[in-house]
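Line by line, the protein sequences give chains A and B. For the first sequence, the working numbering assigns the number 1 to the initial residue and increments by one for each residue that follows. For the second sequence, the working numbering assigns the number 159 to the initial residue and increments by one for each residue that follows.
Heads up, a few of these hints could be off.
[To be verified] Some chain B residues flagged as far from chain A (calculated, every beta-carbon gap over 12 Å): (1) N160; (2) A162; (3) A177; (4) K191; (5) G197; (6) D200; (7) D215; (8) R267; (9) R314; (10) V315; (11) T318; (12) A389; (13) S408.
[Claimed, not checked] Label-pair restraints from in silico Cβ distances: (14) Q97(A) - V208(B): 32 to 40 Å; (15) V234(B) - T70(A): 53 to 61 Å; (16) D15(A) - R180(B): 36 to 44 Å; (17) E163(B) - T13(A): 23 to 31 Å; (18) A153(A) - A326(B): 47 to 55 Å; (19) R313(B) - S154(A): 53 to 61 Å; (20) E450(B) - D15(A): 53 to 61 Å.
Keep in mind the hints are simulated off the structure, nothing from the lab. Every residue, glycine too, gets a C-beta built ideally from N, C-alpha and C.
One-letter residues, chain by chain:
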Amino acid sequence: MTITFVVNRRSRTLDVPPLARLLDVLRGPLGLTGTKEGCGEGECGSCTVLLDGVPVNACLVVAGQCDGRTVLTVEGLGTENGLSGLQDAFVNEGGAQCGICTPGILMAAHALLAANPRPDESEIRESIAGNVCRCTGYQRIVESIRNAAKGQASREPG
Amino acid sequence: MNPAEVALYPFERPSTLAALCRTLSARAGRKEKTVLLAGGTDWIVERSLVPPEESGDLPLVLDVSRLPEMRGIHVVKERAEIGAAATFLEIRRDPVLSRRAPVLTAMAREVGAIQIQARGTLGGNLATASPAADGAAALMALDADVVLASAHGERRVPMTRFFTGYRATRRAEDEAIVRVEFALPRAGAHQAWRKVGTRAAQAISKVALAAVIELDGGRGVRAGFGMASVAPVTVSLPTVRALGLAASLSSVSDDELDAATRRDIAPIDDLRSTAAYRAHVASALVKNFFQELRTSAAP
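Next comes chain A alone, as it looks inside the complex (with noise of 0.2 Å):
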């Protein structure tokens, strides 16, 4: 079936099979490999991208659910010019270990400070309850979306 959906802020129209995952859609035809598969079964939140603006499993999401609808990937976070403040802010705090949950975990946050710039902790770690970090302990991560949103913070217009 054919489907048109806004991948990065980009118009993509693609012809794919009704049910295949986003997950591989984004990753095969689409060439977007910054999104990871763990589990597979919608449990470890590698694959989240957001959907319409709200984290999703891109496991679980099947292709022809997602015409006329929005995504974004951690390739859309950054610019040509560089990565964003939540992304600097990981690479800054050592944010990331072995990295196969690193993009998942920043759509995650990402979607947190689109809605809540000044998170709690107790909301942060609410907000990445979905993705799984072998490696860390998730001290980093939780110390990066803090000092992101900090950062965030100190560059609105006073």
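Fit chain B to the supplied structure of chain A, relying on the hints for placement.
Chain B only, in chain A's frame:
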């Protein structure tokens, strides 16, 4: 089946409920299988567990996730109507529900992490009919009706009668779950959601309790319960409910609550927990809720 095989299922997106019902009716008449797909948080995961189907026998997948008649949350004359395809995230963020049906808000917040909340629906929760369905437990406590639609019109089934056995419901092959409805508990009603699992997010319940009681002078005038993961179906704890409607709540003893809970559940050992632990936790959750009630009702 692997994802590449699942990708090839036939797929349609009916644009109205009437069109959906016509397709369901025609296919049921020909004994053809049809799947109604909303968020896919159960069905897609389960595909990897089923063997490949004969290609001539693939079910037709009908996308109901954007069907207008199944969307939205409305309150009409003190009655809440929640579309079967409204997501847990939409339920969680609804201001009227959070004020008047916090048991539902709390359930939606803990049913899974945000990625699951954003996709999962009450309609899917009811149709899948898992004994661990958090949504079903909360709807039982609210004494909700399930509204089913077919080419012949609508009918409603009370939540307490909706499940007929393990993963079996009263929904017929030619019917779709369109919405659930319940009378909003009055302001100040006691509502509780207690989920016991391996961790706070993204865990399936070992035991979950939903409870709603309206008190009038120390006596329960409306009582509803729902418990998940303690029987082949989500259960409404009828014996406990009768105690909740007792003339004086302060006269209900812990021994009576223990006996009532034991009578209402049939827990088993499985990969998530044991029957003995579930029975213990079920009793403790019920007693805790009644203790809170007695404390709040005390002069």
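Results for each hint:
no.: 1; hint: N160; in the structure: 10 Å, violated
no.: 2; hint: A162; in the structure: 8 Å, violated
no.: 3; hint: A177; in the structure: 16 Å, holds
no.: 4; hint: K191; in the structure: 15 Å, holds
no.: 5; hint: G197; in the structure: 7 Å, violated
no.: 6; hint: D200; in the structure: 9 Å, violated
no.: 7; hint: D215; in the structure: 16 Å, holds
no.: 8; hint: R267; in the structure: 8 Å, violated
no.: 9; hint: R314; in the structure: 28 Å, holds
no.: 10; hint: V315; in the structure: 28 Å, holds
no.: 11; hint: T318; in the structure: 30 Å, holds
no.: 12; hint: A389; in the structure: 25 Å, holds
no.: 13; hint: S408; in the structure: 36 Å, holds
no.: 14; hint: Q97(A) - V208(B): 32 to 40 Å; in the structure: 36 Å, holds
no.: 15; hint: V234(B) - T70(A): 53 to 61 Å; in the structure: 32 Å, violated
no.: 16; hint: D15(A) - R180(B): 36 to 44 Å; in the structure: 28 Å, violated
no.: 17; hint: E163(B) - T13(A): 23 to 31 Å; in the structure: 25 Å, holds
no.: 18; hint: A153(A) - A326(B): 47 to 55 Å; in the structure: 53 Å, holds
no.: 19; hint: R313(B) - S154(A): 53 to 61 Å; in the structure: 59 Å, holds
no.: 20; hint: E450(B) - D15(A): 53 to 61 Å; in the structure: 57 Å, holds
Violated hints, in rising order: 1, 2, 5, 6, 8, 15, 16; the structure is consistent with all others.
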